[in-house]
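Enquirer: On the provided structure of chain A, position chains B and C as indicated by the hints.
Chains A, B and C are the protein sequences, given in the same order.
So the numbering used here is basically just the index in the first sequence, starting at one, shifted up by 1192.
Counting along the second sequence from 1, when you hit position 381 you're at 370 in the numbering used here, and nothing is skipped either side.
So the numbering used here is basically just the index in the third sequence, starting at one, shifted up by 387.
Warning: the hint list may mix true and false statements.
As the list claims (entries may be wrong) - Here are some, though not all, of the chain C residues that point toward chain A, as calculated from beta-carbon distances under 7 Å:
hint : residue
1    : Phe426
2    : Val509
3    : Thr522
4    : Met525
5    : Ile528
6    : Ala673
7    : Phe681
It should be emphasised that the hints constitute simulated quantities derived from the structure, not laboratory data.
Using N, Cα and C, we set each Cβ at its ideal position, and we do this for glycine too.
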Amino acid sequence: MSAVALAPPARRRRRLPAPLRRLKPWVGLVLLLALTVAFLLPILWMTTTSFQAGEKMFQLTTDWIPSVWHPENYPNALGRAPFPTFFFNSTVVSVIVMVGNVVFCTLAGYGLAKFRFPGDRWVLLAILCTLMLPLEVTLVPTFLVVYQFGWLNSYQGIAGPLIIEAFGIFLMRQSILSIPSDYIEAARIDGAGELRILWKIIVPQCRPALAVLAVFAFRDSWDQFLWPLTVVSVNEYRTFPLGLVAFGEDYGTPPTEQMSIAVLATIPVFLLFAVLQRWVNRGFGLSGLK
Amino acid sequence: MVSKTNSTAGAGPSRRDVIRGLGAAGLGAATFGVAPRTWAQARAPVNLSFWTFENPQQRPWLHKRIRLFMEQNPAVKVDFQFFPFGDLGKKLSVGFATGTAPDGFVSQDWFMPTWLAKDLLAPLDVQRLGYSSVQSFSDDFTQAFVAGATKDGKVYGYPLWFYGFANYINTNQFKEVGLDPDKDSPKTWAELGEVAKRLTVKSGERFTRQGFKFAMHAAQWTMIQFNPILIQHGAKWFDDAGKCTINSEAGVKAMTVRASIARTYGAEDPADSIATAPLPQMDWLRERASMFFCHPIPPAAIASQNQKMLTEGYYRPVQYPGVEPGKGFSTTYGFNLVVNARAPKEKQEVLHDLYKFMMSDLADCWKDTAPFTLARKSGWVDSPEVRQFPHVDEIIKAKDQGVYLPRTVVYNELADAVHRGVQRIMLNRADIKATLDEIAAEVDRATEASKRG
Amino acid sequence: MTDSVGDGGLAARGYSRPAGRPFWRLHFQRRITLWGIAFVAPALLFFAVFKFGPMIWAIELSFTSYDMVSAPTFVGLENYRKLAGDPVFLASLTNTLVYIAGSTVLITVVSLGLAMAINSQVPGARYCMMAMFLTNLMPIIAVCLVWRFLLHPFGLITQLLAPFGVDRVDWLTDSRTAMPAIIAVTTWRFAPYFMVVFLAGLLAIPRDYYEAAEIDGATARHRFVHVTLPLLMPTIFFVVVISALLSARIFLMPYIMTGGGPGNATRVLSMLIYETGFSYLKMGEAAAISVVLFAIMLVFTMGQMRLFMRGERVHG
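Just chain A, same shape as in the assembly (with noise of 0.2 Å):
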């Protein structure tokens, strides 16, 4: 960079005429829309779909506004099976997996961020290696561990081996290393607890990787199939997707209804993320951005 005084001047690049400069971000912004609209096409024929006669999917024509609009779909798709009851499974469900990761991936990530203990190093070691056992490789085992506590067929089952991930201890850690200890420290000397140090002065200042924490343990419980589909044989405790698929192969179910049922459960993952959008969109560092 210090040669920069000295060096020759640049070769003039062939710019564009001032007024076609002007247009640039415009066409940028066009371009950037299209390529939006392109990716949101799937999300938009769900939501259109959804309120079409069970006809129309026969013809595999898009119509992108239906000509006659059918919201009897929802109550129709709700009543083919127990899917209010699913819901509210999934719900409990997933809220228990995100109480429980926000909780604990808390006192792990600040455990690892702040404290020396021996062994401190391979501990570490060890919850990443936790990246390499998720559910689909110790199905088996985990069904039998589960299957010995008892917890078949309930909310315990199917929360259980869900409520930690190493994302969210890693997340948490990252997040909390940036706090400088000396505030920490200075609460210690006050002869603050350490669970009141952590209550009045960790939690505050990591509230956007919670955010971001928060969302991603719903999203992730609310997706979960093939865990829910091994452990849960009833319908009082079915969640959804499994709701979904079973019913919705089930006789005569019109696709519609399906992508009625689609849209009802995209809904929640949604509003979470909006209620907390200030905070994700920090917690993801993009504080920076326009």
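Expert: Here is chains B and C on its own, set in the frame of chain A:
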């Protein structure tokens, strides 16, 4: 007090019931129709679990009978659970493994070998079910139905529904292309191809209407549909040594026939379930396919998709095609009521009473679940509702003439291997002989593995 | 790395260190250490029960034949030997590796491209980013069902190709296009998330570097190759490893969209594990397949670990 006469074979049980019932009435207790007074009245409460598969007609009927039984026997509580048709077997396997299997359940008959091989079912006390002996029990069913549920002279399943596949045709569409649904309905495979070709309507490359359609969405359907074709051509699933022989010359011929509707006659588009419908008969119900092999289709199912077809009645089941005219037959498969061997004695006894009660009014079963035919010979075939049901003779004929799915402990592996092979053949135009060789090899490997235990 | 215990700032306040450790200070340090262990303990206990325990059990099981009804019988390496000669397993293994490779590359490239597009100072880019991010939040079951319809031979995607004279594409029923189709859907689903990750990385690059390069006469491409990429390396590495780990686990997409077909064209290891274990009740064999999947993930996690350790040293 009216006692419903049990129309089961033989007057024995019903008369005894009536006498017992009157006697009980005399004591001031209520008579409970067909079921004998169970001990459940006087004893401690019993909680049972019972599983079955989902079907919009069959499942509610089972539930209804169970609820009635519970009303009459307040000490008994049944936890009733149901699963998608393709999942029930797997859920049961896992249940057995973890000790959470239900006390009683409906077993798909192709799983009987698996349960029996591992001693998971309790032998049935036929007397408790109302039969005097195993022989009289067997006589009440077509031999083959019971054969699948019998081992070492003991009976392990109470056959409930058994039915065959039929070829459902759309008579309007036949007439439309100048065919007579009575005379021209296909009796041989070649005829099926020809007729299907005439019924096909295309716009350019795309099928607006497929003349005929094989369901290809699930291994179970693939097996049921291909099984009779294989056997008709003289091939066998396994030879006496247990080796898979689907790739014999006859097997290749059979598979060629299976593929011919699409490949030779151009009457079917395996990749395009025009409706993108997971439900196989949807295309036929929506009149996008003229012919379709299917289990008996209840009127309610037709009404839900195509009320017009039901009201005007322009459809009918005909027999599966054969290698020669008049020699057609399909697969007959069914469902048995069974008892978990690990259930406590008390629960097993209550289950016997429950099953007896459920099977005591088959006319009621027909009312709710027609035209799913029942396995028992007696007690329903002659009732007026049955007689009046449209095309019931064809349906019963299909049941009586059909052949059975292969009885093997590696049924799941076999079904999956065949299903995938058919996919490769139909969707990727794979070579038939080579694919059948692969299927046979896969099945042999599975058989080996299961022998090792 | 800030020393989190140290002397508690006492020296700074003028306290001198008495000769020999006073009792109360030892106690203080030990108390803090114990708290650290206490904070981490629940997670460790949890992982012992739900991750490490089961994995060890899986390895044990892989040497047995176990149908869940009777007790496991030891069979040594038989399961592995059988897998090595089983075309279905080999196909699943290949599919999984192809899928991981394809998805990872495509996700990385696409998300980087998207991030650069958002970062291009275009007004309203922020909202476009949030909109695209929504695809990452959509429940995956909904994603699978919607795309299964869109990828119908005559569905929306084919219709979009109509101007190019394409009449029909058997996306999900032709073994040549089935896997690429699923890889494309995976990319659609995950790229927005990594776009955000890349965006954060891009925003962290100081403007000065670009300005200096521009003054030096670097073209946009030069700037990208010589400034952006090198500084983005850690992020790229992170994205590659994480998307590889996510791809290795994939189950629902092939399960719903193709059922593993046609034939075995899209059968992946996780599906095979579920089928072998819960359809055929061959728990020992399923465990052996799990071990193979574990090995694949181990490779990628080692990569992640290396990145981590390096990151540790850089960030202190």
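Enquirer: Please check whether Met525 (chain C) passes as an interface residue: C-beta within 7 Å of a C-beta belonging to chain A.
Expert: 5 Å, holds
Enquirer: Hint validation: Phe681 (chain C) versus chain A, beta carbon distance must be below 7 Å. Holds or violated?
Expert: The hint holds - Phe681 (chain C) has a Cβ within 7 Å of chain A, the shortest such distance being about 5 Å.
Enquirer: Quick check on Phe426 (chain C) please, does its C-beta sit within 7 Å of some C-beta on chain A?
Expert: 3 Å, holds
Enquirer: When the nearest CB of chain A is found for Thr522 (chain C), is that gap smaller than 7 Å?
Expert: 6 Å, holds
Enquirer: Hey, does the Val509 (chain C) contact hint survive, CB to chain A under 7 Å?
Expert: 4 Å, holds
Enquirer: A closest beta-carbon separation below 7 Å is what the hint needs, so does Ile528 (chain C) meet it against chain A?
Expert: 4 Å, holds
Enquirer: Taking 7 Å as the limit, does the beta-carbon of Ala673 (chain C) come near enough to a beta-carbon in chain A?
Expert: Where the cut-off is 7 Å and the nearest Cβ of chain A is about 6 Å from Ala673 (chain C), the hint holds.
The structure shown violates none of the earlier numbered hints.
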